[in-house]
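There are 4 protein chains.
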Amino acid sequence: MIKVGIIGGAGYTAGELIRILVNHPDAEIVFVQSSSNAGNPVTSVHDDLAGETDLQFTAGMPLKTVDVVFLCMGHGKSVEFMQENNLPENLKVIDLSHDFRLKREGNEFVYGLPELNREAIKAAKYIANPGCFATGIQLTLLPLAAARLLTSDIHVQAITGSTGAGQKPTESTHFSWRSGNVSAYKIFEHQHEGEILQSLKQLQPGFDSDFNFVPIRGNHTRGIFVSAYTKYSGSLEEAKILFRSYYASHPFVVVSEVNPGVKQVVNTNKAVIYLEKHGDKLVIISVTDNLLKGASGQGVQNMNLLFGLDEKTGLNLKPVAF
Amino acid sequence: MIKVGIIGGAGYTAGELIRILVNHPDAEIVFVQSSSNAGNPVTSVHDDLAGETDLQFTAGMPLKTVDVVFLCMGHGKSVEFMQENNLPENLKVIDLSHDFRLKREGNEFVYGLPELNREAIKAAKYIANPGCFATGIQLTLLPLAAARLLTSDIHVQAITGSTGAGQKPTESTHFSWRSGNVSAYKIFEHQHEGEILQSLKQLQPGFDSDFNFVPIRGNHTRGIFVSAYTKYSGSLEEAKILFRSYYASHPFVVVSEVNPGVKQVVNTNKAVIYLEKHGDKLVIISVTDNLLKGASGQGVQNMNLLFGLDEKTGLNLKPVAF
Amino acid sequence: MIKVGIIGGAGYTAGELIRILVNHPDAEIVFVQSSSNAGNPVTSVHDDLAGETDLQFTAGMPLKTVDVVFLCMGHGKSVEFMQENNLPENLKVIDLSHDFRLKREGNEFVYGLPELNREAIKAAKYIANPGCFATGIQLTLLPLAAARLLTSDIHVQAITGSTGAGQKPTESTHFSWRSGNVSAYKIFEHQHEGEILQSLKQLQPGFDSDFNFVPIRGNHTRGIFVSAYTKYSGSLEEAKILFRSYYASHPFVVVSEVNPGVKQVVNTNKAVIYLEKHGDKLVIISVTDNLLKGASGQGVQNMNLLFGLDEKTGLNLKPVAF
Amino acid sequence: MIKVGIIGGAGYTAGELIRILVNHPDAEIVFVQSSSNAGNPVTSVHDDLAGETDLQFTAGMPLKTVDVVFLCMGHGKSVEFMQENNLPENLKVIDLSHDFRLKREGNEFVYGLPELNREAIKAAKYIANPGCFATGIQLTLLPLAAARLLTSDIHVQAITGSTGAGQKPTESTHFSWRSGNVSAYKIFEHQHEGEILQSLKQLQPGFDSDFNFVPIRGNHTRGIFVSAYTKYSGSLEEAKILFRSYYASHPFVVVSEVNPGVKQVVNTNKAVIYLEKHGDKLVIISVTDNLLKGASGQGVQNMNLLFGLDEKTGLNLKPVAF
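Protein chains in written order, with the numbering used here: chain A, 11 to 332; chain B, 11 to 332; chain C, 11 to 332; chain D, 11 to 332.
Derived from the structure by calculation, the hints contain no laboratory data.
A few of these clues could be false.
As the list makes no split between identical chains, a pair holds if one copy fits it or if it spans any two.
[Said to hold, decoys possible] Straight-line Cα separation of at most 25 Å, PhoX-like style, residue types lysine-lysine; simulated pairs:
no., residue 1, residue 2
1, K241, K287
2, K196, K287
3, K196, K250
4, K291, K241
5, K291, K211
6, K291, K250
7, K196, K87
8, K113, K135
9, K132, K322
10, K322, K135
11, K74, K135
Keep in mind it's a predicted model, so treat the numbers as computed, not measured.
Make the full structure from the sequences, and use the hints.
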């Protein structure tokens, strides 16, 4: 049994981790820390878990009692956590914030996108779990980068559900505003661009084309829909072979013949990829659940790899479908 | 031209008043007061009015420059307003809060439900505009009360859109929580019960049956759906005649032969009423827009009556329909 | 391994069965029959299953190859199925239609509500799976009926998601109509009333109070929200003890201290029950997922009981939560 | 009074025309033709009009009794109508289908985008009303084309509400499928591309850059959100001056300093345009209501121009806002 601690347990990503881990056959939650909720039952925040767990939020973080901790705090807090705590030698850390996603001197975290870095993840101690947009977008581009075929500008639009904006009620997550609404934000300036480009350059070192990204707020709760296109000189069939080959060993990525809707992956850790060719351009669609493949599901996928388990353990989740 | 002031101009009901009044042929907005937004354009809060108005929020309330003020502040603030201001002799006041809805000694406000009190409203100086649930529910019961036929327990369930909860983002108006969700609140204890019973007793003085009311939060933005039933010894046809006769002179109430959906009145000041008889019970459905017939639209309807205009002036609103 | 056949495999309830059974540790789907889709992959209809199954729809029904069949056809078709087929001696049948829910001479089906009939189900050969509204409503009333405390009129309103109306596109499931809409239908005349009253009389033979039921179409996809009330002379604490005691051995029913929203059970087989007392009336809320506890989840729960498995096997489903 | 006939009166665009025209001060609906609904009240289909009109659908089309007809039939039917009917000399025709949008020999229809062709519309007899995507997209590009600044590839993504798909229930408008869903369709192949390019070339004759368009199905009912970008060598301020100058005389187009959401124009005939500059690219956002500025509202705007009225007559519509 892998013993798990969760730090910052009241937010959406922590809730999803708990929902997955209460049914994970090889893991056991030892503590769920939350300063603001210490002493209360976990179900006081994550009410859908009523009947599933008797855990209470803790104030403390008994790091010695666990094999791995998930960091689910706000961006910036993970750096503080790593600096302020003397971590047990064998403790693994999976960080869901963006604090350690970008390579820089002294950053010991491996970027936790299994479809890019599976072997490095297996050997890692610390994992920087990718961002949600970053996951959905990279999955549309990795096979092209691996084949060094990204030689032209990339055009990406991606539409996210409201859970991407977190638990705190704000103007742009107010139901009266968001229901039936569509809007763009951080146009060409989204903070996930850095990790995306880093991955593309890892696979295709000389990559220097423009990356144009328009992020959109949709009026659904879960799911990221990505449409990307770039010039591609091969045929559609060649592209399908390229993508199928790249993802053949990656169990959560399905290259589909059918144009997908985002809802077909909601509540799963899957990504569905779909390709079309028009003129000289290859269009690639991906759909993922921003809280699962884009956050907590991928976190558990990484945990499975860190501990030598089958990648899918505990992640055969029933899609919500409707 | 009726000169209008709006006090508490940043909230939903003030926004709706402005949306109606910018196209009202016989009224003109002189000021829109908002402490927290003073100096900013009205469109900085009500962005859909871009291109419709150049008004700026004011800090002050130049009461002498207007014929009528709408009070759109939080509950409790209207009492303060009336106490702290020396109102010009001829100033009319339409209060959208619940502060003056209940009769008590010294309360000079007329309860502003035109379908109950039209003549009194015409002669009034101060109007207490009804609550949104209270409006939708009373419209299902007034004809029965007027005929003194409310002799048995009344059972009401009503489902409200999120705009009924106001502009401040909260847990229960968070899109991620509310989308696709249904929940009850203030079961049998909603604050609108007082004004409903007051009206029923006004029409049927001895009324003392139980009034059972389960309020529900729906996952739409606008509209209140009411289903009510009580024992009724007449036939369905007699009930229809009773309701049609009662509402014959009330232009915003339609007694329909077709079971309505709430959306068919959204963005209008209308109420649609529908009747069925089952066994010894009469079922009455009403649908209204909580922000219009349930708040600001009814406020303008009252203003029209106060100033001798046709009740519908400025209120021929295009339904959103979809 | 329980060998399973599904008949009428293209509809919503069949899809949900497949989604559950592909991960059920002790069951295996042998065939999924669908006349109109024979020869096509199951994922051509249930696209979210891409990557989860290679099954193809069959035209035939090889009944001898399975231990149990689920009947997922339209109402009326199950009667035909039972008449026209010579069933293998040991074949169990779980019927999701309403064809066999009402007791009558020659009806060998056991009514499959485990919280009412668990022991009979264990010993049964044929199961009539309850209706979705019927499940949600009965769970609010069974403890009272078992204690013979239903001595006064019962008032029920229940709001259902669109999946309750099935897969065929109709006017009332058109997105443009239903989004943001609320409407009532079959007021006091819903076809589930029969099975509800049958169960209440099973527990409380002399029951003869009025049962008043207003069904509502909500604008969500999954979930049934029930509010029920009736006179009850005990205290709230006594009621809670009564309900907790009744459901103590039933793992899918949670009696909660917190007023629930329907979404907290979506994509699970759970029911959450909540109680309030006001004056002489007890209010009981229940929330369930109409496709799971209200249909296919309960079907698998019944299958587990039929084959001597733990009731929860394969039904530890991750809630969608948002 | 302009006398109006509507042909194909049961669909969404006809319904919107009626909703506008019942309150238009200078127009009067003489007949609403619908073969399948002849003899029934208009409110039997457009139920939100209950209490607003007593019109009945007609089987016949008494063209001599009207000054203008709106053609609201399916695509292809308007060609038939023009061929099969001997139109009165002075009858104006406004066609909402795509039949006459593209210039070709013998096509006497003027393309009815007032922001492109206002003077030609005023002098026209027959108007081809633009498509909904086409309207929203052209409004992001016309000022650049007029200044002959479209010298590089254009990248467009646009998200439409479900009403764009019309009234007939289909798989992709089924509430259970579409709620919470996002999907692409007709990628790079949407039928509106022709009219868009025709307009761009009208203003900038040598235009021959690539036009890349990804259409998206959103999960709202009304509204089109367009994001477009292309290379632009000027500054953001210069772009704003260009757009403000182009639209200065067009009362329905607002160039905003604030990043808009689509809902702020829902139920209005307005378009809000918003600009950002990033690197060498100009990003242009537009939001419109697909049934109004994208269809029936623009139809009435064209009618106003045809008959010498102020362009906004009857089109001061209350936004739904929420």
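- [ ] Tell me, please, which holds for K132 and K322 at an alpha-carbon limit of 25 Å: within, between, both or neither?
- [x] Result: close within a single copy only, 14 Å intra versus 33 Å inter.
TODO: Indicate which option fits the pair K196, K287 if close means a Cα-Cα distance not exceeding 25 Å: within, between, both or neither.
DONE: between (29 Å within a copy, 12 Å between copies)
Task: 25 Å Cα threshold - placement of K241 relative to K291 - done: both (4 Å within a copy, 18 Å between copies)
Open item on the list: Please sort K74 with K135 into within, between, both or neither, judging by C-alpha distance up to 25 Å.
Closed with: Only inside one copy: K74 and K135 sit 15 Å apart there, 53 Å across copies, limit 25 Å.
Open item on the list: As a check of your reading, is K322 near K135 (CA-CA no more than 25 Å) within one copy, between copies, both or neither?
Closed with: Within one copy only: 20 Å inside, 36 Å across.
Task: K196 and K87: within-copy, between-copy, both or neither at 25 Å Cα - done: Within. Shortest intra-copy distance 23 Å satisfies the 25 Å Cα cut-off; inter-copy 39 Å does not.
Task: Intra/inter-copy verdict for K291 and K211 if alpha-carbon distance must be at most 25 Å - done: both (21 Å within a copy, 23 Å between copies)
Open item on the list: Reference check for the pair K241 and K287, CA-CA at most 25 Å: within, between, both, or neither?
Closed with: Classified as both; 9 Å inside a copy, 24 Å across copies.
Open item on the list: Reference check for the pair K113 and K135, CA-CA at most 25 Å: within, between, both, or neither?
Closed with: within (15 Å within a copy, 62 Å between copies)
Open item on the list: As a check of your reading, is K291 near K250 (CA-CA no more than 25 Å) within one copy, between copies, both or neither?
Closed with: This pair counts as within: shortest intra-copy Cα distance 14 Å, inter-copy 31 Å.
Open item on the list: My question is about K196 and K250: at a cut-off of 25 Å on alpha-carbon distance, are they close within one copy, between copies, both, or neither?
Closed with: The answer is between: 19 Å across copies meets 25 Å, while 32 Å in one copy does not.
The structure is consistent with each of the numbered hints, conforming to all of them.
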